[in-house]
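Using the sequences and the accompanying hints, generate a full structural model.
2 protein chains.
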Amino acid sequence: MNDFQFQNTTKVYFGKDQLGHLHEEVLKHGKNVLVVYGGESIKKIGLYDRVMNELKEHDINVYELSGVEPNPRHTTVNKGAQICREYNISVILAAGGGSTIDASKAIAALTLTDTDDFWDLVEKKVSWKDALPVIAMPTIASTGSEMDKSCVIANVDKNVKSGINGDILRPKAAFLDPTNTFTVSSYQTACGGFDIMAHLFDMNYFVNSDKYPLQFNVVETLLKTIREQLPIALKEPDNYTARATLLWAASWALNSFCTSGYKTQAQLHALEQFSSTYDMTHGKGLAIITPKWMTYLLNKDETVANDFARFGMNVMGIKDLGNDMDNALAGIAALQNFIKVELHLPVTLSELNITDIDLDKLKVKACYGQDSLPMAYRPLTQEDCLNIYKMCL
Amino acid sequence: MNDFQFQNTTKVYFGKDQLGHLHEEVLKHGKNVLVVYGGESIKKIGLYDRVMNELKEHDINVYELSGVEPNPRHTTVNKGAQICREYNISVILAAGGGSTIDASKAIAALTLTDTDDFWDLVEKKVSWKDALPVIAMPTIASTGSEMDKSCVIANVDKNVKSGINGDILRPKAAFLDPTNTFTVSSYQTACGGFDIMAHLFDMNYFVNSDKYPLQFNVVETLLKTIREQLPIALKEPDNYTARATLLWAASWALNSFCTSGYKTQAQLHALEQFSSTYDMTHGKGLAIITPKWMTYLLNKDETVANDFARFGMNVMGIKDLGNDMDNALAGIAALQNFIKVELHLPVTLSELNITDIDLDKLKVKACYGQDSLPMAYRPLTQEDCLNIYKMCL
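Chains as they are written, first to last, in the working numbering: chain A, 215 to 607; chain B, 215 to 607.
Treat the hints with care, as some may be off.
[To be verified] Only some residues are given here: those of chain B computed to face chain A with a beta carbon under 10 Å:
{"hint": "1", "residue": "Q219"}
{"hint": "2", "residue": "Q429"}
{"hint": "3", "residue": "K514"}
[What the hints assert, rightly or not] Straight-line C-alpha distance at most 27 Å; calculated BS3-like pairs for lysine-lysine:
{"hint": "4", "chain 1": "A", "residue 1": "K477", "chain 2": "B", "residue 2": "K438"}
{"hint": "5", "chain 1": "B", "residue 1": "K449", "chain 2": "A", "residue 2": "K242"}
{"hint": "6", "chain 1": "A", "residue 1": "K449", "chain 2": "B", "residue 2": "K425"}
{"hint": "7", "chain 1": "A", "residue 1": "K533", "chain 2": "B", "residue 2": "K533"}
{"hint": "8", "chain 1": "A", "residue 1": "K477", "chain 2": "B", "residue 2": "K258"}
{"hint": "9", "chain 1": "A", "residue 1": "K230", "chain 2": "A", "residue 2": "K293"}
{"hint": "10", "chain 1": "A", "residue 1": "K386", "chain 2": "B", "residue 2": "K533"}
{"hint": "11", "chain 1": "B", "residue 1": "K363", "chain 2": "A", "residue 2": "K363"}
{"hint": "12", "chain 1": "A", "residue 1": "K225", "chain 2": "B", "residue 2": "K343"}
{"hint": "13", "chain 1": "B", "residue 1": "K477", "chain 2": "A", "residue 2": "K438"}
{"hint": "14", "chain 1": "A", "residue 1": "K363", "chain 2": "B", "residue 2": "K386"}
{"hint": "15", "chain 1": "B", "residue 1": "K343", "chain 2": "A", "residue 2": "K242"}
{"hint": "16", "chain 1": "B", "residue 1": "K343", "chain 2": "A", "residue 2": "K343"}
{"hint": "17", "chain 1": "A", "residue 1": "K343", "chain 2": "B", "residue 2": "K514"}
{"hint": "18", "chain 1": "A", "residue 1": "K230", "chain 2": "B", "residue 2": "K242"}
{"hint": "19", "chain 1": "B", "residue 1": "K343", "chain 2": "A", "residue 2": "K438"}
{"hint": "20", "chain 1": "B", "residue 1": "K225", "chain 2": "A", "residue 2": "K225"}
{"hint": "21", "chain 1": "B", "residue 1": "K533", "chain 2": "A", "residue 2": "K425"}
{"hint": "22", "chain 1": "A", "residue 1": "K533", "chain 2": "A", "residue 2": "K438"}
{"hint": "23", "chain 1": "B", "residue 1": "K438", "chain 2": "A", "residue 2": "K425"}
{"hint": "24", "chain 1": "A", "residue 1": "K363", "chain 2": "B", "residue 2": "K257"}
{"hint": "25", "chain 1": "B", "residue 1": "K230", "chain 2": "A", "residue 2": "K363"}
{"hint": "26", "chain 1": "B", "residue 1": "K575", "chain 2": "A", "residue 2": "K533"}
{"hint": "27", "chain 1": "A", "residue 1": "K230", "chain 2": "B", "residue 2": "K363"}
{"hint": "28", "chain 1": "A", "residue 1": "K225", "chain 2": "B", "residue 2": "K533"}
{"hint": "29", "chain 1": "A", "residue 1": "K230", "chain 2": "A", "residue 2": "K372"}
{"hint": "30", "chain 1": "B", "residue 1": "K477", "chain 2": "A", "residue 2": "K225"}
{"hint": "31", "chain 1": "A", "residue 1": "K533", "chain 2": "B", "residue 2": "K438"}
{"hint": "32", "chain 1": "B", "residue 1": "K245", "chain 2": "A", "residue 2": "K425"}
{"hint": "33", "chain 1": "A", "residue 1": "K477", "chain 2": "B", "residue 2": "K425"}
Think of the hints as simulated: they come from the structure by calculation, not from any bench.
From the three backbone atoms N, C-alpha and C, an ideal C-beta is built for every residue, glycine too.
Here it is as structure tokens:
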């Protein structure tokens, strides 16, 4: 096992009756809060009103930044930092999905620098080390940004997504209320759930190093648990246990516990360039690419068969067919079937009327860049990537 | 799922090459460190010298408190606090087992109060809320005190063990080096390993409430992983992976993640009064009592059969015999066999020449006290406790 350091300081308030603690967490940092959110959804579910009442009841000065995009833009981040400086904001409250929380982290860092442009931080033209405190209130089980230390921001001018990371960006507190996710659509629930699974595949489960018994077994258990609970949440959107399990699992998948000791490349996430290129939800892109990636690897390199066979039996619940190759094939088929029949997500790009692949448009160099190769589950060449993409058609 | 709050701020340095970070963690708090340890074992393994060199190289002023007992005494805690006050200690470094870390936490709290006697804190005669920072360096995989917020101290005059707890007592940093556990004897390794399992049984696995899919599945996985890795560590004391797995598992079992949402009574730990009454290692007492407790419950109340059957199949790895009762019986038998044949621990008190039980001597009222009953896996009367103890003979 590689040496590692682990610390996760986020204070989690989990459950349906925790909002009364919000003012305590805000007032630890000051009286001026910037509430960041996306569109109308937090108003529709009544969360906006409940948050505002709670804040105003305690004489907290509330400023707002709404309209954060699903792939949050650096121009929105810049706008947020401008508000923070103008109104001497002491803490940012992010209420929404991973995009809103990521944007808030970026605003938190940018505010305390000398530049007006977040991209200067991404390109390391301006150094940063401090950030305003962020409080996260996720409304979908997906990215786990609420306990994580990174953020991903889109630069539309440059047609690229990138970000920054650091322990100071971890939210100081996170309010995880499963009832806030009851109204998330089946489609977004499925995409969010598959994103959690892909985080686990990518950084902790399909690894090229030794498997560390504790971390590996826990990750496998998380995957199996999500595979079981996600269809329940889709059939019964207000099933508290299923929603709570997904929400807490999203945090676990990315809060650094599961990755402890591993040094891996997030290969599926590097391959998943469909969302930015064709403007689709990230989890949908991952759902299309994952079974194809597995099939391609299995054809190319039989040494993955044992891992995929174990995945088939322990995560997907297939019966032992007696040998690794058959079990691996059955495992991949079960995953594809799960995506199609239980999650109702597409398994090919053709279903979305995308019938041609232009590799130049898909920025996949992370997959075959020199830095990533030693950490890759299996190294992929540019040709491999193109072949995988073609299988997705 | 019950609402819950979760935060664990301990910074973990895990691995064999992390000691170089010790001075950074010490100097965050000041230049005067009290090194607390037990007997000669940290000197024998060279840890004492390595720690002292690291501290002195960075001009840190070192004070020492040695001789912490296996069941640490409140008089030792009092002595430690006296040293802290006299030499203006800024941080306590606990190098040893759970006893040493627990004693250090108690010293940390006592130092900042107005009394000289730790028992005043236990009996709430003197209130406390602050504590000196503690850095933990566990040398055995067992109590998980290194990420936990509580401590247990013995008062020999009153013949009772009790303690205090609070988030402020969580170690600020913990150095977990599996190689420091290589020389732990087979006997102590087995006792420590079983203690970890009992923590999981007690607070997270045998619960009277709904099972929360994520937490429950993870706890089951931890139990299975320990069941697999503990015998490896016994056969190959310097197997890094096995030792690392046990050390990290000990922290996981008690760092509040697994218990999130549960409100349970630690019934096995309440029943385990053998260690204080007959002066034996805590883990050994737990190993004797656990299978008897399961057998007694199964005879008394068949509703436990389903839980014990699942335990048998998923943790102990027995084959499905077709019905819960048979699987439960086979699961208990497998556990008893594991304790006897693989851990080489006793399964009865008679093996230790204890042939009579005096219930008055065993302070088990925690098992049938009114406060605990609503949280108990299954409520036990005084008579039940005596019956279980008699089965242990």
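Now for the hints, and whether the structure bears them out:
| no. | hint | result |
| --- | --- | --- |
| 1 | Q219 | 6 Å, holds |
| 2 | Q429 | 8 Å, holds |
| 3 | K514 | 29 Å, violated |
| 4 | A:K477 with B:K438 | 25 Å, holds |
| 5 | B:K449 with A:K242 | 51 Å, violated |
| 6 | A:K449 with B:K425 | 20 Å, holds |
| 7 | A:K533 with B:K533 | 15 Å, holds |
| 8 | A:K477 with B:K258 | 34 Å, violated |
| 9 | A:K230 with A:K293 | 32 Å, violated |
| 10 | A:K386 with B:K533 | 46 Å, violated |
| 11 | B:K363 with A:K363 | 25 Å, holds |
| 12 | A:K225 with B:K343 | 19 Å, holds |
| 13 | B:K477 with A:K438 | 25 Å, holds |
| 14 | A:K363 with B:K386 | 20 Å, holds |
| 15 | B:K343 with A:K242 | 18 Å, holds |
| 16 | B:K343 with A:K343 | 32 Å, violated |
| 17 | A:K343 with B:K514 | 61 Å, violated |
| 18 | A:K230 with B:K242 | 38 Å, violated |
| 19 | B:K343 with A:K438 | 42 Å, violated |
| 20 | B:K225 with A:K225 | 15 Å, holds |
| 21 | B:K533 with A:K425 | 26 Å, holds |
| 22 | A:K533 with A:K438 | 15 Å, holds |
| 23 | B:K438 with A:K425 | 16 Å, holds |
| 24 | A:K363 with B:K257 | 39 Å, violated |
| 25 | B:K230 with A:K363 | 26 Å, holds |
| 26 | B:K575 with A:K533 | 53 Å, violated |
| 27 | A:K230 with B:K363 | 26 Å, holds |
| 28 | A:K225 with B:K533 | 42 Å, violated |
| 29 | A:K230 with A:K372 | 41 Å, violated |
| 30 | B:K477 with A:K225 | 19 Å, holds |
| 31 | A:K533 with B:K438 | 21 Å, holds |
| 32 | B:K245 with A:K425 | 40 Å, violated |
| 33 | A:K477 with B:K425 | 33 Å, violated |
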